[in-house]
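Those protein sequence lines, which keep their order, are chains A and B.
Counting from 1, one number per residue, gives the positions in the first sequence under the numbering used here.
Counting from 1, one number per residue, gives the positions in the second sequence under the numbering used here.
Warning: the hint list may mix true and false statements.
Distance condition first, Cα-Cα at most 27 Å in a straight line; then the derived DSSO-like pairs of lysine-lysine [unchecked claim]: (1) K113(A) / K193(A); (2) K297(B) / K332(B); (3) K375(B) / K193(A); (4) K229(B) / K375(B); (5) K175(B) / K193(A); (6) K37(B) / K332(B).
Here are a few chain A residues that face chain B, going by a calculated C-beta distance under 8 Å [as the list claims (entries may be wrong)]: (7) R138; (8) T139; (9) T166.
Read the hints as simulated data drawn from the structure, not as lab findings.
Where is the CB? At the ideal position from N, CA and C, for every residue including glycine.
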Amino acid sequence: MTQPVVTHLDLCGTRVKLMRAGQGAPLLFLRGADASDDWRPFLDDLAGRFDVIVPEHPGFGGEVRPDWLDRIADYANYYLDVIDALGLDHVHLAGHGMGGWIAAELASRSTRKLASLTLVDAQGIYVDGVDTIDTFLRTEEDGVRDLFHDEKLGAAELERRLTPETEDVRLNNQVVIAQTTWQPRGYDPHLRKWLHRIDIPTLIVWGENDRLLPQAYAHDWGRLIPGARVEIVANCGHVPQIEKPAEFVRLVEAFAKAQRVAA
Amino acid sequence: MKIFNFHLMPYAHADLDAIKRLGTSWMTYPNSYYDPKKGADLYHEYLDQLEFADELGFDGVAVNEHHQTAYGLMPTPGVLAGALARRIKNGKLAILGRALPLVNNPLVIAEEFAILDNLTRGNFIAGFVRGIGVEYHTMGMNPAESQARFNEAHDLIIQAWTRPGPFAFEGKYYKFKYVNPWPRPYQDPHPPIFTPSSGSLSTIRWSAQRRYTYCQTLAPIAAVAQTFKLYREEAEKAGYQATPDQLAWSNAIYVAESDEKALRDVRPHLEAYANEFLTRNPVMMAPPGYTSVESIKRMRAIKGFMGQRSTAEDMIARGIVIVGSPNTVREKLAAYQDMAGFGISLTKTQFGTMPHKMVQENQIAIAREVLPYFKDRLPQPVKAAAE
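Generate coordinates for the entire structure from the input sequences, incorporating the hints supplied.
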């Protein structure tokens, strides 16, 4: 497995931790609320083709919550600054869950430095009449199980994630997640109004059996972002990059490749 | 000691089996279980009880605020306090308290409390709370902002009561071009402020620094004593000595002819209160940011405790409630006052499913057998001091 290089960037009075590995076009991957600090195999695979950059969201991982952080849009503005500070251009921006919400907010503000956008089971919009799970009413154990379609995988993830050593970090992460996503629950009513501004190739990847945000969400994202392509991953829950890593990587790579060919 | 009659106004006709089945009497206990005809009768009985308490010589009456629950039917306590304001002739009228972070505009609380202070001609007590965890679900407020909103709403209300208006207020959460509420409070500079809490150190410190009366919600007397000791220490750090009237203990008292009869009478109502009306999903109760990470870890460590049913004997033995003959109740209340050093007892005379007639008999017994003995009683030094 590749060992990512860990660096820190000081920006807006906040130190952000970056994990980085691979070569090629930059791929900025924004993790979801279930973010664990480790470098998962799918990132390795992506690093074979991209310069993969994974930040630890400010306030996560036991870091102090920044003064500027009140809502998801604050993260979007912050990562626009991060892209500039790193001197990145033609960035493939991808985000999962809460990270997808950040990515969509970011892209609705400016796509100047972006090559493409990939949203994976992303939060950020509300679809009327679709049952979702209120993650804030789940125990930590149920919260992990909810993520996966394959119960065995859920049990394995439970074991690797809910260790006593990480309890403080997990509980502190929850505070940041509540701060940014509690009300309205997991979306910003203003985001949907501006998604039409996203003028770069966009891929929506979604687990067929996502219980947190059912498939209907994928199709709504697809309608809201001009020209977006929707790919449903079969037999898969909320986290395709962990539950179906090979298929996830294939979709992301094929999408990037198609863009190059088109260009 | 001042003894207030405190009411939760529970929906006494709640379906206890349904609560057991659903595991909660809060938020997700469907309101289809509420029968408005029965509920209307309860409101009138409960208001009658509080008016009766005033006639009987209690030092005050108190209501509080909870949302979406059979535990208490007072989501807007100002309405109930308003109904009482012209009837309470002798004692104080208190709302303990209003949850400041749960409203988008805390000026409505400044206005509501100022009206009540005028209506009672200065006999109103203003309680400020954050609301319990589940209320951040039911009211759609961000629990991670609870403490900061509470602090800012408090500052806004105090300024609204004390600074000549109109003035502008620019906070992080509340921004008003014009702050100039009519009426102003009757009391100068404003009504006394009580701060009920389950015992978080930050609230105790905050309250002691401002010389607000701290009210400890239902807890075993040993824990209450510990909490009040912390308050006195915080007061000393702030450069003054706290007086007993800055400490209020919230309890429940039931008096009957004998200890045996009292226990027999009270058991179903007290156990319904402790086991059904208080039932709630622990996750619901501890939204992230509302409770400190340390407290959540403590709660997780004792999670087995939550699952256990309380018995009346257990609640009596731990000094959460006082039940017994007049003599027993007097002895225990005096011993607890000496042990914990409080000057105010916020006493529920109705709890759980307890019916109207039984409550009135209890109120009469307390008025006759307890109140006169505690009229000017102060905490006495104890030999083997709890401290």
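Quick one: which hint numbers does this structure break? Sort them smallest to largest. Hints 2, 3, 6 and 9 not satisfied by this model.
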